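A.B. asks: Each chain sits in its own coordinate frame; assemble them with the hints.
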Amino acid sequence: MILVYVETTADGADEVSLETITFARSLSAAGGGVPVDAMVVGPAPDSVADQLAAHGVRTVYRADGADFERFSGAATARAVLAAREAAGAVVVTAGGTNRGNEVLARVASQVEVPMAANVVAFEGLSPFVVVRQVVGGAALEHLRLGHRPAIFTVAGHAVEPAAAETPGQGSVAPLEVALDPADLAVRVVSVEKQDDSGADSLKSARVVVGAGRGAGGPDGFDGVTELAKLLGGSLGVSRVVTSLGWRPHHEQVGQTGSRISPEVYIPCGISGAIQHWAGCSSSKVILAINTDPEAPMMTKATYAVVGDMHEVVPAINEEIHRRRAGG
Amino acid sequence: MAGPTNVLVCVKRVPDVSGEVMLTEDGQQVDARHVGFTLSDHESCAVELAVQVAQAGGGEVTVVSVGAAESVEQIRSALGVGCSAAVLVEADPACLGPADVALEIAEVVRDHEGRGTSYDLVLLGNDAADSGDFQVPVRLAHELGRPVVTGIKTATVTDGLARLRADGPDGTETYEVPLPAVVSVMEGGVEPRYPTISGRMTAKKVEVETRAPSREPVGSGRLKLTLPPPTRSTAQVLGEGPGAAPAVVDLLEQLGVAR
Ligand SMILES: Cc1cc2nc3c(=O)[nH]c(=O)nc-3n(C[C@H](O)[C@H](O)[C@H](O)COP(=O)(O)OP(=O)(O)OC[C@H]3O[C@@H](n4cnc5c(N)ncnc54)[C@H](O)[C@@H]3O)c2cc1C
Ligand SMILES: Nc1ncnc2c1ncn2[C@@H]1O[C@H](COP(=O)(O)O)[C@@H](O)[C@H]1O
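Chains as they are written, first to last, in my numbering: chain A, -7 to 319; chain B, 31 to 289.
Worth flagging that the hints you see were computed from the coordinates, not collected in a lab.
Treat each hint with caution, since some may be false.
[As the list claims (entries may be wrong)] With the C-beta cut set under 10 Å, the calculated list includes, among others, these residues of chain A facing chain B:
#, residue
1, 108
2, 223
3, 280
4, 308
[Said to hold, decoys possible] Okay, derived cross-link-like pairs now, DSBU-like style, lysine-lysine, Cα gap no bigger than 35 Å in a straight line:
#, chain 1, residue 1, chain 2, residue 2
5, B, 183, B, 235
6, A, 292, B, 254
7, A, 185, A, 276
8, A, 221, A, 185
9, A, 195, A, 221
10, B, 254, B, 183
11, A, 195, A, 292
12, A, 195, A, 185
13, B, 183, A, 292
14, B, 183, A, 185
15, A, 221, B, 183
16, A, 276, A, 292
17, A, 292, A, 221
18, B, 183, A, 195
All of these numbers come straight from a predicted model, not from anything done at the bench.
Don't be surprised by glycine CBs; every beta carbon is placed ideally from N, CA and C.
Here chain B stands alone, though its shape is the one from the complex (with noise of 0.2 Å):
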């Protein structure tokens, strides 16, 4: 397949915690006034070998979202780093089960095939920050039929294979995948790239195709949230700093295992 690789990159907003949540009061949603929303790092990464892709291959990467028109914000951070175009399938992501988004995604890749944009190579993350699924990914190569490999770290396309490395159970495997394809990247293989001044002024300027869904979501199955049980600490402090060499060679030997 000669010509440019046009890349789709899915990602999701997502609320920015590490360590401790909160949950909100119906027990339905992270709670995330108090620490707002980002892109997670499967996804930055993503958005980077999509760029580097499509510039190497002479093409554009299209990024998309499904969920609240918020979402914009985490359309726009991909669009300063080198996406030049945008689509928010507006829903409210309460709604959204992993197969619903599949779903929706497929229909923005087959609506613009129609319209004569085609993606050799859709990008997402291996699995996302919030709900973690871990199928979003292979649920839309399902419904597009094409070929999907998961949690890659890099990617390279020539004459319309994409060569991907991933860490495999007994070391790095390499794939080899005609395009067009679906591939979902795992954080670490490539270093996600800072928006520039004019990367920023572009990105305000891209219209967001906003588009509504095209069928009611069976959703996720959730109940609830919970919280894991609280720890209360039991730790004995043996001191601060390397002062506390000592203590803990002394502990060491009592243990038993200092020699």
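If we strip away everything but chain A, and leave its shape as in the complex, we get (with noise of 0.2 Å):
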């Protein structure tokens, strides 16, 4: 039995879970067809389940309530727990988003056994060996996974996420899960809404216009702003971005961001770092501008421009206003 903690927003299972329950099926497929059973935790539309179903999910566990409202770290693990016992899961996984490694984390130290990080591949069931990402994605670990249960969570955006070709049966059943009053201690108390609606038209975005550390500052975004305007796109921002705060976390492109397939993607000031890559890779056309013509993402493009973002993008802005004017 395979168990996937599924993190969800308003509307159901989020891409990364749908990823590793796509993982969890080729897995289960090696292994003789063992199931593979989710966990929900929080509030979720009702719809999950026949998503996850479509999936190939065969049981859909729930917990919910005012104890779930918020996100606990270890109240979710409390219920991964159940859900696991319930299962009698010999593997359980999650997506390697923030939640997904800090769950599964909390669940691997309560029954002591190992977890790995970022799991891009598997190479053998018995021993079971995984292979993945560190040293920042630039080297994979083989591991082996000697335990049971096997606890690891699977890299942002490394699979592709796909429906089951036999659809589960994505029966729904409740969970009662103890809790101890120290696993609601710490919990969040509020969170900042931040408008995210800009995720959604990034990921559907005919065009988009990364920018990353060349940018040079939070002043450094005029220009692609302005082309990704010219060219009805989104701005996409690699994390490096993010972390300094020079832009917000739902302009980014990578494993711990969105994932786009955009018809061109035009990347400035981005090295193509691999968690990068994880985000952009389906894009059909990439066009990097960068001063490195050795940084990785200017040799995996298809075409590539040699030089500095601030000097070549508003180039190429001013030839589209001078075309456009007829010039």
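C.D. replies: See the structure below:
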């Protein structure tokens, strides 16, 4: 039995969770078709059961109610542990998100077994060997996960989420989770909601103009923003840019951001680290602009322009204006 | 809880790689001979937060590292920016797994507590830059029986309560945690300070408490490291500098996205 901790949004299971279920199904197939079950904690639309069934899930365990309204890592881990008992799971997995990694690390420390973060593949079942990203994705670690349950998270956007050929039952099983007061002592007290409607338009944009550390600072985005506007597209950025607070997180492309699949992606001043690539590799055409012709983004791109984005991008904008003016 | 807020901050000596890495011949480690070692960004921010919290609360910061004797280099750099005491649990890093590290740090916390120094807050990075295990903070908290919050960007402490802010899936989240607690830090919320000359001088003088591990490590389960396959360039270079703009716009028109 494989148990997937599923994270949800108002629309249902999130993308990385569906990717993780897809990964779990490939593991199940290799293991003779053991069922894949899911654990959904906290508020989620009822439609999530049908959605998960379409992805091959047998049982959808649910823990809901006031105690799970606001996120508590301890309470969530307790719920996943309860589902693990109920399902008799020998594998417990989740997406390699902040939440996924935290919750599974809690489960692993309580069961006293190892946890492998950011797995991208598995190599064998007995012994169970997983391949995971280390050193910021610059190297892969082949790691033996000998304990049961085997606990690991799946790196974001390392697999394509796909519906199952044979749907699962998706039967909902509410779980009574016995919580300790200590489990609720630490939880989110408030959330300053961000307007993340931008993330949806980023994911569906036909053109995305990207900007990374090469932008130089919070004031370095005028050119790329204008280019995105001229092309009717969206702005996407690297994690460096969001970490430094230059741009909001919903604009981040990559493993821990959005996965985009535009007709054209124009990354400017982005080196093309594996975690960024995970979010943009399904772009049809990539036109990279970078001062360093050896940057991974420049070598992986379809087209490249070597140069300073602060010179090249304004020149492109000007050229577009000129042609539109009929010049 | 009144009184000063004492903080323990955990740092790891990691290879200073950005971009491509090389592996040792046996494929067990990153070959750091040509790149050197550093302290990762998450941990630099954890050190900065530790110093801020301790200064505001009239407490002190102790830095701890588990690993090779050379980790003293990273310990000294933390001492140079405001930590005032240091512990090295000296062990072969190749033999350590995340559970081992958590147990050794917990041992330091308990031992110091027995000797009269308690840590109200233990700060760590969110994930180690080399092994990326994403779990030492949670395992440490479990071992100590303390609450833990992961991935926070800023922290303030008042009256024994830590207010923490983190980037959550729906926006900025606030947590309130009674101390003592364990907290892991994500880079970007604070700007790590540079060492001052006097800081460097003090750093040299502090005696690092060096300890042996309290038990046999269980290890990480690593079989080997490999490198992802190299990519050969397939890109067509459209030009250099602003002069490439007409070629770029030609391409965008040809792709049907320029108007
Ligand atoms: C667990 C994990 C998850 C991660 N998730 C993500 C993610 O979701 N998304 C993500 O993007 N990253 C992610 N990262 C971070 C990733 O590893 C890289 O650190 C990050 O993508 C680098 O951002 P960058 O390309 O902007 O910066 P850098 O790597 O510093 O590259 C800057 C580039 O800009 C170029 N440049 C500099 N100045 C100019 C100029 N004036 N004009 C043109 N070019 C210029 C440089 O040549 C360089 O190539 C993650 C890392 C980890 C460990
Ligand atoms: N060997 C170590 N010595 C001290 N602190 C460590 C060590 N390994 C990990 N840590 C801390 O735990 C954090 C998370 O590491 P990890 O769980 O291994 O990804 C790091 O950012 C450090 O703050």
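A.B. asks: If a hint holds in the structure, say so; if it doesn't, say that too.
C.D. replies: Cross-check of the supplied hints:
1. About 8 Å separates the beta-carbon of residue 108/A from the nearest beta-carbon of chain B, less than 10 Å, and the hint is met.
2. Restraint check, residue 223/A versus chain B: the minimum CB separation of about 6 Å is within 10 Å; hint holds.
3. Residue-level restraint check for residue 280/A holds (minimum Cβ-Cβ distance to chain B is 7 Å; threshold 10 Å).
4. Given hint, residue 308/A at the interface with chain B, holds; its Cβ is 5 Å from that chain's nearest Cβ, closer than 10 Å.
5. In summary, the hint linking residue 183/B to residue 235/B is supported, as the alpha carbons are separated by about 31 Å, within the 35 Å threshold.
6. As the CA atoms of residue 292/A and residue 254/B are separated by approximately 27 Å, the hinted pair is consistent with the 35 Å bound.
7. Taking the CA atoms of residue 185/A and residue 276/A, the gap is about 33 Å. The hint holds against a cut of 35 Å.
8. Between residue 221/A and residue 185/A, the direct Cα distance comes to roughly 25 Å. Compliance with the 35 Å bound is thereby established for this hinted pair.
9. This hinted pair checks out: residue 195/A and residue 221/A have alpha carbons roughly 16 Å apart, not beyond 35 Å.
10. In summary, the hint linking residue 254/B to residue 183/B is supported, as the alpha carbons are separated by about 33 Å, within the 35 Å threshold.
11. Distance restraint check for residue 195/A and residue 292/A: the Cα-Cα separation of roughly 21 Å lies within the 35 Å cut-off, and the hinted pair is therefore satisfied.
12. Taking the CA atoms of residue 195/A and residue 185/A, the gap is about 19 Å. The hint holds against a cut of 35 Å.
13. Straight-line distance between C-alpha atoms of residue 183/B and residue 292/A comes to about 33 Å, which keeps the hinted pair within the 35 Å bound.
14. Restraint check for residue 183/B and residue 185/A: satisfied, since their Cα atoms lie roughly 16 Å apart, inside the 35 Å limit.
15. For the suggested pair residue 221/A and residue 183/B, the alpha carbons sit about 32 Å apart, so the restraint of at most 35 Å is met.
16. Pair hint residue 276/A plus residue 292/A holds up; C-alpha atoms about 12 Å apart against a cutoff of 35 Å.
17. A threshold of 35 Å between alpha carbons decides the hint, and for residue 292/A with residue 221/A the separation of about 25 Å falls inside it, so the pair holds.
18. A distance of roughly 26 Å separates the Cα atoms of residue 183/B and residue 195/A; the hinted pair therefore holds under the 35 Å criterion.
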